[in-house]
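Got chain A; can you put chain B on it based on the hints?
Below are the chains, spelled out letter by letter.
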Amino acid sequence: MQYVIIGSSAAGISAIEAIRTKDKVSKIIVISDEKNPLYSRCLISYLLAGTIDEKKIWYKPGSFFKDNKVEALLGIKADKINIKKKEITLDNKEKIKFDRLLIATGASPKLENIPGIDKKGVFPLRTIEHAIEIQSMLDKVKSVAILGGGLIGLRAAYALKNRGKDVSVFVKSGSILSQIIDKDAAGLMQKRIEEKGIKIFTGVAAKEIQGDKSANRIIFDNGSEIVGNGRDRSLLVIIGKGVSPNIEIAKDAGIKTNRGILANEHLETNVESIFTAGDVSETNDIALEESSMNAIWPAACEQGRIAGLNMAGENELYEGSLAMNSIEFFGLPVISVGITRPKSDKYKEIVKKDPSKNIYKKIVLKNGIIKGVIFVNSIENIGVIGSLIKNKVDVSGVKDIILEDYFDYGKIATLVKKSKKGFREPEFKETIMTL
Amino acid sequence: MKKIYCNIKKCLGCGSCEIACAVEHSKSKELNKSIAESPLPVKRRKAKFIEEGVSISTGCHHCENAACVTACMSGAMHKDKKTLLTQHDKDKCVGCWMCIMSCPFGALTRLKEEKIVLKCDLCPDREIPACVEACPTKALVLGTLKEFESKAVNILRASP
Chain A
1 MQYVIIGSSA
11 AGISAIEAIR
21 TKDKVSKIIV
31 ISDEKNPLYS
41 RCLISYLLAG
51 TIDEKKIWYK
61 PGSFFKDNKV
71 EALLGIKADK
81 INIKKKEITL
91 DNKEKIKFDR
101 LLIATGASPK
111 LENIPGIDKK
121 GVFPLRTIEH
131 AIEIQSMLDK
141 VKSVAILGGG
151 LIGLRAAYAL
161 KNRGKDVSVF
171 VKSGSILSQI
181 IDKDAAGLMQ
191 KRIEEKGIKI
201 FTGVAAKEIQ
211 GDKSANRIIF
221 DNGSEIVGNG
231 RDRSLLVIIG
241 KGVSPNIEIA
251 KDAGIKTNRG
261 ILANEHLETN
271 VESIFTAGDV
281 SETNDIALEE
291 SSMNAIWPAA
301 CEQGRIAGLN
311 MAGENELYEG
321 SLAMNSIEFF
331 GLPVISVGIT
341 RPKSDKYKEI
351 VKKDPSKNIY
361 KKIVLKNGII
371 KGVIFVNSIE
381 NIGVIGSLIK
391 NKVDVSGVKD
401 IILEDYFDYG
411 KIATLVKKSK
421 KGFREPEFKE
431 TIMTL
Chain B
1 MKKIYCNIKK
11 CLGCGSCEIA
21 CAVEHSKSKE
31 LNKSIAESPL
41 PVKRRKAKFI
51 EEGVSISTGC
61 HHCENAACVT
71 ACMSGAMHKD
81 KKTLLTQHDK
91 DKCVGCWMCI
101 MSCPFGALTR
111 LKEEKIVLKC
121 DLCPDREIPA
131 CVEACPTKAL
141 VLGTLKEFES
151 KAVNILRASP
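Here the protein sequences come in this chain order: A and B. Numbering-wise (our numbering), the first sequence opens with residue 1 and increments by one. Numbering-wise (our numbering), the second sequence opens with residue 1 and increments by one.
Looking at chain A on its own, in the form it has when it is part of the complex (with noise of 0.2 Å):
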């Protein structure tokens, strides 16, 4: 048996600790373009920040390799999937045969068709070179111009404050974070982050990147500019513009693909022995009840080791993803998970405001079920409610209490007993045995 796994963050890393856990012998193979993958792609903003040092970013330690086994490729490209042979094209021409094969390629950063945007000084945030190659240019830089409202967009702008810089975020839509929280919690957010001093421009879109050789002025399509103040009025651009999925490799090989790589409940795509896992990869929504695309740590995370648990022989089902993200900005944290925004009237919604403590919370229910949360700054049991929404029970009972601070795991103990098909974890037995 010959494992070979392409890509060597979240999903990849949590693969091979699954595979292991099942096949201490059979040889793993894994193929990563970046030189040192072992990092936690989530903690680079922090590390531009400043708020960590580079050796808290690394996720799992150098041995990591070593110690399970692996022969790790690093810094080489796997170029093509032969899915009849069995077999990899790296970019140094070289074949690998396998006999599993996980596909964990990740996703890009979108860079738009902006001109101009090839200049020096514009950057994504994606791997921890960015972060190194951004961070060589802070000396020289005083402001920042961020493309991006999204959480990428925004953890940057949060870094690059924190490190004294003069930041503005630029966002195309009405509102920030529009892609996980609703426009009432973007509201509070933006009051936080504008309090302490990052500019927010909403509703305009970046129409040309100019300089000489290094970017120093964009043009908005409102005709309004941003001009570089630095000794040498250079501008620092981040492009926080989201992310496609890297399934080009798959696509050309014949294997099944939408948005993402298509993955059944055990995380094979429509080729038999190849899996698909992490950000490139799509799957069952939770909430949406429709295959989707969820780029995020845990959900890469979750699919490795079941990915990982599959090739190896087990017979694991995933039961599908959910959207969830957690951000903080100047000490006002909010989380939200699954659909937090409904686009039709099916949904129906339960708000709670505390202006004074700048608290917000929201569910989104469909049919007495919930589908989504948004809690602004008081977050504590937000895990109780995801797993409602994981579990799909009917809350009509509880749903006069569920945004009260007071709703903790001991208001749905009972819904806990009473539910036939959820909350297998062995755990919600436990703790409701005497109940």
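Treat the hints with care, since some could be wrong.
Each computed SDA-like pair below joins lysine to any residue, with the alpha-carbon atoms no more than 25 Å apart [what the hints assert, rightly or not]: (1) A:421 / A:286; (2) B:90 / A:429; (3) B:115 / A:421; (4) A:35 / A:65; (5) B:33 / B:119; (6) B:112 / A:163; (7) B:90 / A:421; (8) A:429 / B:158.
Coverage of chain A stretches by chain B, computed from C-beta distances (three or more under 8 Å per stretch; other residues unrestricted) [to be verified]: (9) 76–86; (10) 122–132; (11) 154–167; (12) 178–185; (13) 206–215; (14) 330–340; (15) 408–414.
Note that these hints are calculated values from the structure, not bench results. Just so it is clear, CB atoms sit at the ideal spot from N, CA and C, and this is done for glycine as well.
Below, chain B without anything else, positioned relative to chain A:
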């Protein structure tokens, strides 16, 4: 694996476990001194009301497939390879609250200023965890699942 279980039939929701937990995790480990400490000691366990007259004391359940460990992006939350307990390394924690987002029991406490989470560590300095020792009705027990299961059968048989 030994962990803490709660017998709901006996739990009064009195909060003795909460106080004992906070004191055990204080600097002085003495109630009268710990209430004057700054920062105030923080509990990692909570007595929760289920309905009138029915309560449960919960903390970390050291889940087999712990959602907090899966979600942790810094490697702070991890499984101890030998004991299989869920452990938290506060030096690695960056306060991203992904574990809070994932824990179905709400078992994590957020330290806002320090930007780290706290969780039950089963009192490493003690043989019997402080909450178990402090429980006036012996609702909290330390043991294996098997031990608690056999107890639970008797508990349910004895209850009206």
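Exercise. So which hints don't hold here, by number, going up?
Worked result: 2, 3, 7, 9, 10, 11, 12, 13
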